[in-house]
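Could you slot chain B onto chain A? The hints should help.
2 protein chains.
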Amino acid sequence: MSNTNRQVKLARRPAPGPLSRDVFSIEDGPIPEPGPGQFRVKIEYISLDPAMRGWVSDGRSYVEPVAIGAVMRGYAAGHVEVSNHPDFKPGDAVQGLFGVQQYAVSDGKRVVKVDTNLAPLQRWVGGLGMPGWTAYFGLLEVGQPKPGETVVVSAAAGAVGSVVAQIAKLKGCRAVGIAGGPEKCRYLLDELGLDAAVDYKAGNLAADLQAACPQGIDVYFENVGGEILDTVLPLMNRFGRIPLCGLISAYNATTPPPGPRNLRSVLTQRLKIQGLIVFDWADRIDEAIRDLGKWYSEGKLKIREDVREGGLDAFPDVLNLLYTGGNHGKLVLKV
Amino acid sequence: MSNTNRQVKLARRPAPGPLSRDVFSIEDGPIPEPGPGQFRVKIEYISLDPAMRGWVSDGRSYVEPVAIGAVMRGYAAGHVEVSNHPDFKPGDAVQGLFGVQQYAVSDGKRVVKVDTNLAPLQRWVGGLGMPGWTAYFGLLEVGQPKPGETVVVSAAAGAVGSVVAQIAKLKGCRAVGIAGGPEKCRYLLDELGLDAAVDYKAGNLAADLQAACPQGIDVYFENVGGEILDTVLPLMNRFGRIPLCGLISAYNATTPPPGPRNLRSVLTQRLKIQGLIVFDWADRIDEAIRDLGKWYSEGKLKIREDVREGGLDAFPDVLNLLYTGGNHGKLVLKV
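Sequence lines, in order, name chains A and B.
The opening residue of the first sequence carries number 919 in my numbering; numbering runs sequentially from there.
The opening residue of the second sequence carries number 919 in my numbering; numbering runs sequentially from there.
Because the hints were derived from the structure by calculation, they are not lab data.
Note that this is a predicted model, so its numbers are computed, not measured.
Note that CB positions come from ideal geometry on N, CA and C, so glycine has one too.
There's no promise every hint is true.
Said to hold, decoys possible - Incomplete in silico selection of chain B near chain A, CB under 10 Å:
#1 R978
#2 E1140
#3 G1164
#4 P1174
#5 P1175
#6 G1177
#7 R1179
#8 R1182
#9 S1183
#10 R1188
#11 I1191
#12 L1194
#13 I1195
#14 D1198
Looking at chain A on its own, in the form it has when it is part of the complex (with noise of 0.2 Å):
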């Protein structure tokens, strides 16, 4: 173990379109030592999120850019090392907001305790982390799905969508879930026991998501835009309502894709659509940590990573497997 803190720092500012490696830079700083009030974590797990894809791009969003020269920001967890904060201790398992790095400060803001007798570490940055929270607040609060009806979910084999799919079902719903390729859809099925599962890489979207929502859609819960939109809004019914919480097809976009040309039906069938961000319920992040955990611990609720290997180094090509669907499972990189 080396004395110093591998850093995986913004270079410059991608060109649109996938991300090239030398967006980034990685490089070996001082280990940093905390302040008063503050603690080190020595950082295990770092979640690969597609939100990333914006946070180093310029322009207008949610968040400010990730600076040049700045270490890339990242959800992560780890265990605390050395404290000067009251609440936190060494060995304490903790989530946060901690960045692309070995060794990170923190004052305890916005840092999540994490149970890992509940579930390992890793699974604190996935389906129980930031992801987890997504769904649930997400499906939950803008969703508002009602038993009997169908929802329905994009991108259902990763991260958040996996967890919005079981919380569907939880909650009474009819739960159809929209994935790559027949062995997410097998996973879908066979593993996290939706409803129907429909491989838009078929060819026949439209008809085989006909035919898996008899009833038609009331949510639809959004992670990739695009086609798979257009191809949805036609079946939602009457009040349907659409989080929309990615456009991972539009990220690496050179110029972004055409939006839905069936927008009429948002006004016919009087639609809702609405784009979250999970930030939005930062104080109320301890509800979904209570009822996933819960889920969780009862067996009702199934989480999956995709850990890689490779440390820090790996990181800038284990991201970008997030926009080709090359994971299977909340992508995590194990430091």
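Relative to chain A, chain B alone:
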């Protein structure tokens, strides 16, 4: 005065694109006699509404399409001639979905008795009729404008838009109208007293709109769709609301135009796009009539009709004015 009832009937389903004259047939039938509990109305004014394009087309919508051979659906106003209904007396001025014809028989359901001392009859199919109710509920219930916010309206010189913009002013908002051409823009500023007017035909929509909305946009009341929506989206403030009332730019398109490319703004700014149809507030119409009537009588709500002569024979041609911006104010046909 003849003793026949001239009627505009739907002769065939139209092809996509502008409505050709042969979509309708104009026929003379017998003057209908009211049965028990019914009354007969002599129609004087017929409302021409963008929604008519949808009513004659097949395909999923919020109401059944007009059947082939049936009288064209339409709001109209006139006076009761003969009545077997306890609540309606000969001479009563009424407004309702009487159809595009000279005489209609009604059971009084969803018929509104109107006060021609407050406003002339033609106004009750305009700003005090369905377009006004749509503006009222769409802005206040879906848009939820707060004092000091910026409200932008497209088709702002139109029947719905002009009322939306004025209600926004009455609620203490900055009201900005988008319209086509300098004459309509002058009307918005000089007659309706809006804070700014933007001419979308001037070729500089994005910059002009930004200049007109120095604090960004909180509510965008959408009547048009297409490029205007795309231009508005990046200017929307966080948690902005977009009541989707019409998509007139698409109604005559042979294929639906691409939707908004800038959906990313919906996500990052947590916008809400919500479709609305005034029928959903059918049991609250008296609220709209009460408030609109009050504002109108106090001189705070200006309403302008574009009344066309020519009778029912002119209906097909006059209707098409709506889709080219050829009208100025609520388009009404005098029977």
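Hints, one by one, checked against the model:
1. At its closest, the beta carbon of B/R978 sits 7 Å from a beta carbon of chain A; the interface hint therefore holds under the 10 Å criterion.
2. The closest approach between the C-beta of B/E1140 and any C-beta of chain A is roughly 9 Å, which is under the 10 Å cut-off, so the hint is satisfied.
3. Here the hint on B/G1164 is kept, as its CB sits about 7 Å from the closest CB of chain A, short of 10 Å.
4. Because the closest C-beta pair between B/P1174 and chain A is about 4 Å apart, less than 10 Å, the hint holds.
5. Nearest Cβ of chain A to the Cβ of B/P1175: about 7 Å, under the 10 Å cut. The hint holds.
6. Interface restraint check: B/G1177 against chain A, minimum CB-CB distance 3 Å, threshold 10 Å, status holds.
7. Restraint check, B/R1179 versus chain A: the minimum CB separation of about 4 Å is within 10 Å; hint holds.
8. About 6 Å separates the beta-carbon of B/R1182 from the nearest beta-carbon of chain A, less than 10 Å, and the hint is met.
9. The interface hint given for B/S1183 is met, as the beta carbon of that residue sits about 8 Å from the closest beta carbon of chain A, less than 10 Å.
10. Taking 10 Å as the C-beta contact cut-off toward chain A, the hint placing B/R1188 at the interface holds, the least distance being around 5 Å.
11. Interface hint at B/I1191: satisfied, since its Cβ lies 4 Å from the closest Cβ of chain A, which is below the 10 Å cut-off.
12. Restraint check, B/L1194 versus chain A: the minimum CB separation of about 6 Å is within 10 Å; hint holds.
13. Taking 10 Å as the C-beta contact cut-off toward chain A, the hint placing B/I1195 at the interface holds, the least distance being around 6 Å.
14. Because the closest C-beta pair between B/D1198 and chain A is about 7 Å apart, less than 10 Å, the hint holds.
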